[in-house]
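Undergrad: Next come the chains, spelled out residue by residue.
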Amino acid sequence: MIEALKQRLSEHFQLTNLTIKNAGLAFLWVEKHELEMLLRQLRDFEGYTHLSFIIASDHIEKNQFKLTYMLHNYDTKHDLGVHVDISRVNASMHSIHPLWAQAWTYQRELKEMYGIDFPESPRVDEDFCLEGWDDMPPMRRDFDTVKYCEEHFDDRDGRATEENRQTMKVNIYPERGE
Amino acid sequence: MFQDLLNTPLSTVVLITGFILVLIGLWGMLMHKNIIRIIVGFTLMDTGIHMVMVAIGYLTGGKAPIIEGANKNIVYVDPVPSALVLTSIVIGLGITAIMLSYAIQIHKAKKSLSIDDCAEMKW
Amino acid sequence: MVNSLTNPLNIIIITLLSSFLLPLIYQKSEQRAVNLFFAVLAAFVVISLSGYLQLLSGLPTIEVLTAGIEPPFSINLRFGIEEAFVTLAINVAALLGAWYLLPHLKTNAPLMLLFLIWIMGMNGMVMTRDLFNLFIFVEITAISTFVLIGFNRHNETLSAGFKYILAGSLASSFLLLGTMLLYFQTGTLNIDDLVAHQSLLTGPIGTAGLVLIMTAILIELKPYPANGWGLDVYQAAPTGVSALISVGVSASYLFALYKLLPLFDTLLPLIAIAGGLTFVMSNFMGLKQNQATRLLGYSSVGQVGLLVMALALLSQTNQADHYLLIAGGLFINHFLAKAGLFWLAGLAAEKDIKHWSHLKQHPVIFVLFVVLLAALAGLPPFPAFWAKWALVHTLVESQHYIWVGCILLGSLLEAVYLFRWYGYAKSKTNETAIVCQARQTFPIKLMVALLLLCGHAMAINFGLQPERVLLPVYAALAMLLLHKQPSYTKALVTLLITGIFTLQVLPTLTGLSWIFGMIFLVGSWVLTIGSLYKGTEQRPSYYPLLVMLILSLGSLLLATTTLEFFLAWEFMTVSSYLMVSLGKNAEKSSLQYLAFSLAGAFFILAGFALAYSETHSMQLSSFAQLAEHTVMIITLLLFGFLIKLGGLGVHVWLPGVYTDTDDDFTAIMSSIVSKAGLFGLFAVGIHITTQFNDIEALMFVLGWFGLVMALAGALMAVFQEDVKKLLAYSSVGQMGYIITGFALTSHMGWVASMYLAVNHVLYKGLIFLAIAGVLYRTNTRLMYKMGGLIKNMPISFVSVMIGIIAISGVPPLLGFGGKWMMYNALVEKGWYLQTAMAFFASAVAFLYLFRLIHTVFLGQQKTEHADIKEAPITLLIPQVFIMVIILAFSMFPHVLIEPLSTAISPYIASTITWTGHLLETKQGYWNGFMVMNVVAGIFLVPLFILWMLSKVTNIQPVKQFNIVFAAERPESPETTHYAYNFYAFYEKALGFLVKPNAIHFWDASAEWAHSFGAALRRFYTGNGQTYMAIILMYLGIIYLSMRAI
Amino acid sequence: MDIWISKIGYYFLNVGIVLVYGLLLGAFIAKTMARVQGRIGIPIYQPFIDILKTFTKRQAISHGIMFNLGPAFRLAGGLGTLAFIPVIYGNEMFSNFSAAGDLLLVMYFIFFGQLGMALGSGESGHPYAAMGIGRGLAQMTAYEVPFTLAVVAIFIQYDTSSITEIVAAQQGSIWNWTLFTNPLAVIAAMIAFLGMAAYPPFDVAMAPNEIPIGPPTEFHSHFLSMMQMNRAIFAGAKLILFMNLFFGGATGLIELVFKTWAIYMVAILVGAAFPRFRTEQAVRFFLGVPMLIGIASVLYIQYWAQ
Amino acid sequence: MTDKNDYPTLANADLIDAERSLFCDARPVPYEPYPVDFVEKFANWVRANSLWVLAFGTGCGAIELNPLMTSRFDANRYGIQMRPTPRQSCVIVVAGYSSVKTLKRIIRSYEQMQGPKFVLGLGICSLNGGMYWDSYNTIKRIDQYIPIDLYVTGCMPRPEALLAGFIELKDKIKAGQCDGTNRYVKDFDWYKANQKKVIKNWDMPDYNW
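Chains as they are written, first to last, in the working numbering: chain C, 1 to 178; chain Z, 179 to 301; chain L, 302 to 1346; chain U, 1347 to 1652; chain Y, 1653 to 1861.
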């Protein structure tokens, strides 16, 4: 079934890869400029009417963000993730809020947490979770959270750090220890 | 039957003719769109009325009401309608004249003599 | 010698002579020709005036015989008092009209000549007693009319003139033919002789002759629907000519009809129907009309129709004295007002009445315009008012009820379209100004003066003292002279005049009238102080009208006869209408007000007339003798008074009016003027105490009606966003209780009703004044745009707070007394479910009262209102004064209740007893003094606690945003102030009860009337031949219906 | 003069009794509810402590003069309502100032405190306060209908609006109580009482989770303690009123305690069993069957019973 | 009431001009104990026996507050009640971690409570950050921002522990040791500086009355 879908889509789009995780979940890779058309095709003709979420992951090694648009088909109970790689430098992506109105929420979140811009997405520049954040977007992998904490929040004296893994093995779950 | 018709007094003939003229005149006024024809219709009607008036005053066998001495046996035609007719002919003439002058002015102003072109005001 | 000079025949002789001279002189000198022209017209006036005066002084009727032979063998003219009056009117109008038309006339000698001949023709038509001679004068008049219409040679004028000729010649043909047929049948042309030989006219020829003559004259009087040509003439002819056609020509035809009426004995119903149909229908069609001159045409046609109808109906009733009074009154009113308006329309030079606002820039013309409209609409003190009064009385007496309905309906419609015209003139400003000189307005001014004079004379004729009953008008006119003064001066003069008037009137009143006097006069005096706050504005017409209003309320109190009452009532209606119309954008609402008020007034008129037909007395006290028609009369009067009170169903005028008027006047309107309806109820009610059994069912219905009104008013008020609308609906609700109190027709019910009325005056005046201050400072009426004003306007807040506590009836303030007595009275009467209903309505009142005070004074203040100041001191003074009165009455309720009880107990035996401060009824007791003391004492307890704890606690005053907002901060005052759609949930629950059904109904009625008017005028295709066909059919229909009779 | 001093003294005695009783009643009800839920619940003296606690707050804010006066109005409303109700029949000590006015006075005086409170909380500028008042007033208009009908039925039945005389007419036998002579009116009035008591299902005006406790949301410290006192006194006064009108009044303190407790339990039982009505639902409810019952009671008395 | 000049004022520098007139700018002042010692002691006893807790779940620990009121633990019997509005509450429970965003609301609610008022820190996160020690968005020491009267530590402490904490709090109140209200006022500038350091968009007055 999913192969057939890929066949149909390949007639129009340059699909770089297809991963089938299990019967209910598959992932496609698509070029950035084809994404909107593809999503429209999937929504209008393939039954993937629901946008579950949009997420991003930071592939700092490749200097890329990987965006994942997760779609759901209610008829076949099938989830389809569409991956798009975009550049980390001045990261920007087309807004898909004309396709799914709720997309603007995810896009606002991505703007705040990763600094990926979605021009023309409604209210994309407003604060989402963080109020008045003035540093690097905190979900980027080059953001040093420990350093940020030390700069902004004071520690209480006397807090001891133990090696967590070791503590668990020895004290809490001794029977599972090696 | 025919004889009866022939024996009809002249005044009745005039009366009937008058009424027919009135009807023709009315028909002309109502059915023609041309103002001049309407005016002609009016004069026809006016004439008809005058004939009726004259006929009303006429008595069969009556003489012209020129009274010489007081002879009670002579039947005179009633002079009053005749006098009235004269007056009303004059008046009818006046009205006709005014109508015609209106017709001239209307034609000057509108380049048309159709009564339908005089319907700019309604309701 | 004098006699021979003033011989009416000279009118004709002079004309003929001058017609030779004029062209000759004109060639020599234009000015001299004009002089001669005016000399001739002046001679006409002198002849008819001297004749009139001689006849008035008792000389016998002048019979002019021609050829020295007695009639019927010769043509004779008659110059009796009636002829003298009509010719005088025609000649005066002709003189003034010539003055007005002079710029056109003097260009052309034949025109002047024709004008003279025209006037002579009219005079001749009036005077001649010979049928054929009548025809000749008709033709003379007609021919000169035709020419005069067409002299400016516009397209429209030519069309109209030609159509007029067609119709006129058709009609004169009928006349000629009819004359001949009659002559054929009777052998005589003399009208008196014909009347004497009426028996000869029974055959088909005679009948046909009569029908032809009657139709001819009716056609000339432009009956509906055979009058399209006439309307075209009115619309297109030069206004000076239209004016004279409308008044002079119509007058002469009317007089011709009047002369011939004895001939038409059997045809009277037909004539009446023709007239009545014309009157009603043309007024319907007038609703739809926007062309000024054509509108006047419809009005003219209608007025003439009314006169025709009155002539026909009255000649059946054989009441000679009324006959002349009515016909003369209607005639002279139409005559003067219509001529004036036509001339004014010529001056205004604006066809579409929607663009008449340029009139406003010329105050004199504007005042003239209003006066003329009022006269035409049949409002007092103008002659038509008196004539209609007498006409309705006469017709009711002869049981012509349907005709009365026609007259009142037509008059109402006419007033509506006339005053809509006024509304347009009043509305938006127009840049173009009127260019006119005093010379041109002179005839109009003279007409207005004559109208006032005639009205004055009519008042005398009706046995009234004009200087007393017409005082409001004269005072208002006098106040107009101050119009250049600043508002302060005018307000002070107003206070002075009304103060003196109050001091004069109040001591003469007793009982209920005295109490209403306190309400009307003292109340409005106090509220007038508030109007000083607009001192810098000009308000040119506000104060004159205010004086008129207050004085007319005073005369209402003094009225002892139905006529005086109705006169004062109409004055009040007119003045309050005009005051309402002064507000911005008040065109629609003021027109509604006028329509409803006049409809109400007509109901009252009908009721009074019906009462008169039973008792033959105009005394209000004669209502006690009513037996047969009591229920009907009271129902009619109730309709009238309830409309004024804003009764449910007809309340639709009220919100618009209260909203659109000036804020200080709304206070007077709501608290004072609305009580006039109540005064009406009581003024009648006290005289019919013996007939209560007869009207018990009616009163039962009225009781429920009042309560439904109370509930509906309260519910509607709950859902308003506009503060004045809220208060307006609140007034509807409060009036509901008052009406129910009246309907109880028991002592306690009436005391409760009056008590509530006095309360309403106090607290509604108080609240409206306070709100006036708020509106003055905030410049918005929408409550959700206000808020938090308590900090800036504490005194206004206290006013409103006292006001709402008083309205809601919460003890210890005086409102509770009203509720308490109302419930006691209801229970005493056995109206139990009504009691619960009243309670429910008063509970609903809490909703809007809280909304009022919360959304305006409490809650979040808008940022732009931060620097608002307290209301002007002149508004605060009356408020403080009223608050003191409220507190005093609350503390000592017997001060208020005892006079009320005493005032009513002469009519209905008292059922309440006083023991010191304790008021007792059969059911319960109430000690207002003690309640006040107990509450005051108890209040000390929490106050003491507050004081004590504020000593040990640090109380920090905070600002408006320092609120617990679910751990957030408020975004802005606008989003934080809970005000808009305040009772959304209540609307979900009960909103279905207050769908605007009444408004829809009346809107639909208005729409229907307009559509009906539009349908009626489909006859007027503008085609002359159609018009002729209609005339022929009219003849046919008259003939057929004549046969049917 | 002496009579007035003694009257005032007696009145404050009454206030004390009703205050203590009202607070205890509240605690007792809370305790009962706790027991039903398997809890121990508050100590019986907890309401007193709560009042004292709010009195011992050392800080307060004020939104303005009307805000300060609001609770004062509220408390005066409660005290005044009590002042015009005779507490115990046939006892001069407990007749208060009922000579100043009849039942109508009491019915209208109930609004006094509510109005003042509404103005006070209005000045706080809190939208929830306005919302709560709006809801409360809307609900009030509705429950007044069956209550008024019941009262009118009593008017007709006893031909008087004096509370003392109404109680007097019910003396003698338990069968003389309005409860038995005019059961329809009592049913209507008791349904209205549910609305008056503002217990579920008619507590939307103070809905704690939705518009945090509605009108008093900004009140605290001693403002709140005055309102707590009023809550006790006002509840007591209303209970006494209902007892007087429908349940034969009381001739002694024990009877008073028992009857008022029983009346109060009605509201509690219903409240424990029902969820909350929305405002418009409450309004429609009262204007439905309860109103018909009220009308039936009036008609019954007017046409049947006499 | 008292005139504006009667009390020391705050700058409210972070508000825009138009809004400054909408918020009270008074600086909080400490309250003195009652002059009579016995009264103060009685007042403290009363306060301890009527603890009205603000129903504000600031973090994950809020889940522990619910069973506290139900039949198993029944905090009612100790005079503990929930109140929905800070104006009427005397105890605020900082339940678990608090993010910077929540901290702002905690501060506002705390300042809107009327003194004497008490703060109970629940869970290790409120004490030293707990498992969120390296979170960019979670403060580690709540006592730098508002005065804490008592900590109940654990992750998460069970209701029993919370109940014990309340009883401990009652004892401290009775002993007159809970002077958080006055501490906050006395060290106001220090607290405010700490608060403003972490809360970047300070769109409120310096003290939320």
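It should be emphasised that the hints constitute simulated quantities derived from the structure, not laboratory data. Treat the hints with caution; some may be incorrect.
[Claimed, not checked] Here are the simulated DSS-like pairs of lysine-lysine, each with C-alpha atoms no more than 27 Å apart in a straight line: (1) Z/K286 x L/K1252; (2) Z/K300 x L/K1296; (3) Z/K286 x L/K1170; (4) Z/K300 x L/K589; (5) Y/K1848 x Y/K1838; (6) Z/K288 x L/K652; (7) L/K1252 x Y/K1753; (8) Z/K300 x L/K655; (9) Y/K1848 x L/K1252; (10) U/K1377 x Y/K1848; (11) C/K147 x Y/K1849; (12) C/K147 x Y/K1848; (13) Y/K1826 x L/K1252; (14) L/K407 x L/K589; (15) C/K147 x Y/K1852; (16) L/K652 x Z/K289; (17) L/K1296 x L/K1086; (18) C/K147 x Y/K1844; (19) Y/K1838 x C/K147.
None of these values were measured; they are calculated from a predicted model.
Undergrad: Compare the structure with each hint and give your call.
TA: Verification of the hints:
1. For the given pair, Z/K286 sits about 102 Å from L/K1252 by alpha-carbon distance, which is inconsistent with the 27 Å threshold.
2. Proposed proximity of Z/K300 and L/K1296 is contradicted: the alpha carbons are some 40 Å apart, above 27 Å.
3. Proximity of Z/K286 to L/K1170 is assessed by CA-CA distance (about 71 Å); at most 27 Å being required, the pair is judged violated.
4. Proximity of Z/K300 to L/K589 is assessed by CA-CA distance (about 12 Å); at most 27 Å being required, the pair is judged to hold.
5. Between Y/K1848 and Y/K1838 the CA atoms are separated by roughly 17 Å; this keeps the pair inside 27 Å, and the hint holds.
6. Distance check on the hinted pair: Z/K288 and L/K652 sit about 22 Å apart at the alpha-carbon level, within 27 Å; holds.
7. For the hint pairing L/K1252 with Y/K1753, the CA-to-CA distance comes to about 38 Å; that exceeds 27 Å, so the pair is violated.
8. For the hint pairing Z/K300 with L/K655, the CA-to-CA distance comes to about 19 Å; that is within 27 Å, so the pair holds.
9. Of the pairs offered as hints, the one joining Y/K1848 and L/K1252 is violated, with about 35 Å between alpha carbons and a cut-off of 27 Å exceeded.
10. For the suggested pair U/K1377 and Y/K1848, the alpha carbons sit about 46 Å apart, so the restraint of at most 27 Å is broken.
11. Between C/K147 and Y/K1849 the CA atoms are separated by roughly 16 Å; this keeps the pair inside 27 Å, and the hint holds.
12. Our distance criterion of 27 Å between C-alpha atoms is met by C/K147 and Y/K1848, whose separation comes to about 19 Å.
13. A threshold of 27 Å between alpha carbons decides the hint, and for Y/K1826 with L/K1252 the separation of about 24 Å falls inside it, so the pair holds.
14. For a cut-off of 27 Å, the pair hint linking L/K407 to L/K589 is broken: about 37 Å separates their Cα positions.
15. Proximity of C/K147 to Y/K1852 is assessed by CA-CA distance (about 18 Å); at most 27 Å being required, the pair is judged to hold.
16. Of the pairs offered as hints, the one joining L/K652 and Z/K289 holds, with about 26 Å between alpha carbons and a cut-off of 27 Å not exceeded.
17. The straight-line distance between the Cα atoms of L/K1296 and L/K1086 is roughly 25 Å, inside the 27 Å bound, and the hint therefore holds.
18. The suggested pairing of C/K147 with Y/K1844 holds, with an alpha-carbon distance near 23 Å, which does not exceed 27 Å.
19. As the CA atoms of Y/K1838 and C/K147 are separated by approximately 32 Å, the hinted pair breaks the 27 Å bound.
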